[in-house]
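Number of protein chains: 2
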Amino acid sequence: MDSISKAAFRRLPRYHQILNAYEAVGREYISSRELSEILEINETLVRKDMADLKIRGRQNQGYGISALRARIEDFLGLQEITEALVVGGGHLGTALATYPGFEHYGLKIVGVFDDDPQKIGTKIGGHSVLSVNRLAAVIQKKNIKLIILTVPRHVAKEVTEVAVNAGVLAIWNFTPCELNVPSGVKVRNEQIIGGFMALSYYLKNVTGSPDDNGE
Amino acid sequence: MDSISKAAFRRLPRYHQILNAYEAVGREYISSRELSEILEINETLVRKDMADLKIRGRQNQGYGISALRARIEDFLGLQEITEALVVGGGHLGTALATYPGFEHYGLKIVGVFDDDPQKIGTKIGGHSVLSVNRLAAVIQKKNIKLIILTVPRHVAKEVTEVAVNAGVLAIWNFTPCELNVPSGVKVRNEQIIGGFMALSYYLKNVTGSPDDNGE
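Protein chains in written order, with the working numbering: chain C, 1 to 215; chain A, 1 to 215.
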């Protein structure tokens, strides 16, 4: 993974979000201390991450926000366009297919697929929903490397197989399924429930529920 | 954070997901080696996490799946019911308000709010959408501690302030905004784009895009 640690890599999206927020209010510099406080990590770690990214701060000013943001985007390949297909046209698939923020990151949704005859042919985010039977053909024709998977649990494996056989190399998995893919194919499991688990733990401990056994 | 590390804490949702997947196919035990391979972490780390959770494996069998799952659920407070309100009835809010999996984790959506007169009064997931003007009153009346925030960027701060003043202690934030909250209030930022960033990096490096400068 290049020259940065896995943990640093996982922090890049948060750095990027913070930089955007600061830039939106007109800030040009951000200090390692500010970053460390927002992220609730040690300032030394922030400085190390920046050094790994080959970003240098200025005395008394901090890091130039636009340069740092551009460096992260370049590092992650966000300045190139990545075309993707959304498979599953339910509420979540629709939310993802119509999410306005993706374009800023180079992510371009170029098709939406579903197996429901009532949905096929309707429009989602400017795309005519296509039958999932045509998924492999579209992947091959457009040379698609990424699919966004929001199908029901019972078809997740089948769709994955079809997509991988057609040449997909990356799967953004919003289903709760563990997907088996050949080596060389990357799956990112988006476990939305994980966020709730952290909050549940917080609430359990802060509100001192009567069921809490004090562990 | 109790007796487990922050990193171990972050692994709990993934452990939980894997246990569910194994349980669904009838498995009763899982080994530290299997967990380590799926999570792509060192087996020693898995063993340490299990020890921290006070879960002991059996020689040649591994960890009992249902006991481990119950332990994680108890640790995180998932066996109690947490009532939450969804604020923002767009596609993402609708997806979250109607997500069938949340109940398994004790998360119960008890109301949906929006500021669009066209949406107020319509049904989302069995709930009549209420005006966001009534948010504070409902939080107080039902003693709600958690809101799920899917509003547009420009109202995120205002809604947060209203909710916190009304007594909310945890915010599951699906907006791209950094929220300022008083100490004692926990925000979980759900940065969906972070998942794409990891995949983008993978695709950039595996497909060897022409823009790649070989760093």
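Read the hints as simulated data drawn from the structure, not as lab findings. Possibly wrong hints are sitting among the right ones.
Quick list of in silico lysine-lysine cross-link-like pairs, DSS-like style, CA-CA up to 25 Å [what the hints assert, rightly or not]:
(1) A:LYS145 x C:LYS123
(2) C:LYS157 x C:LYS141
(3) C:LYS48 x A:LYS157
(4) C:LYS123 x C:LYS6
(5) C:LYS119 x C:LYS142
(6) A:LYS145 x A:LYS157
(7) C:LYS119 x A:LYS119
(8) C:LYS108 x C:LYS119
(9) C:LYS119 x A:LYS123
(10) A:LYS145 x C:LYS6
(11) A:LYS123 x C:LYS6
(12) C:LYS123 x A:LYS119
> Given the proposed pairing of LYS145 of chain A with LYS6 of chain C, does the C-alpha separation stay at or below 25 Å?
Replying inline: violated (34 Å)
>> Against the 25 Å threshold, does the CA-CA distance of LYS119 of chain C and LYS119 of chain A hold or violate the hint?
In response: Distance ~22 Å between LYS119 of chain C and LYS119 of chain A Cα, so the pair holds.
>> Please verify whether LYS119 of chain C and LYS123 of chain A have alpha carbons no more than 25 Å apart.
In response: Holds, at about 20 Å.
>> Run the distance test for LYS119 of chain C versus LYS142 of chain C: straight-line Cα separation, threshold 25 Å.
In response: holds (22 Å)
>> Check the hint pairing LYS48 of chain C with LYS157 of chain A against an upper bound of 25 Å on the C-alpha distance.
In response: violated (32 Å)
> If you draw a straight line from the CA of LYS145 of chain A to the CA of LYS123 of chain C, is it 25 Å or shorter?
Replying inline: violated (38 Å)
>> What's the verdict on LYS123 of chain C and LYS119 of chain A, does the C-alpha distance respect the 25 Å limit or exceed it?
In response: holds (20 Å)
> Is the straight-line distance between the alpha-carbon of LYS145 of chain A and that of LYS157 of chain A 25 Å or less?
Replying inline: holds (17 Å)
> Taking only the CA atoms, is the gap from LYS108 of chain C to LYS119 of chain C under or equal to 25 Å?
Replying inline: Answer holds: LYS108 of chain C to LYS119 of chain C is near 21 Å, not above 25 Å.
> Keeping to a limit of 25 Å between CA atoms, is the pair of LYS123 of chain A and LYS6 of chain C held or broken?
Replying inline: Violated: LYS123 of chain A and LYS6 of chain C sit about 43 Å apart, past 25 Å.
> LYS157 of chain C and LYS141 of chain C: Cα distance at most 25 Å?
Replying inline: holds (22 Å)
>> Next pair to validate is LYS123 of chain C with LYS6 of chain C; report whether the Cα-Cα distance is within 25 Å.
In response: violated (39 Å)
Of the numbered hints listed earlier, those contradicted by the structure are 1, 3, 4, 10, 11.
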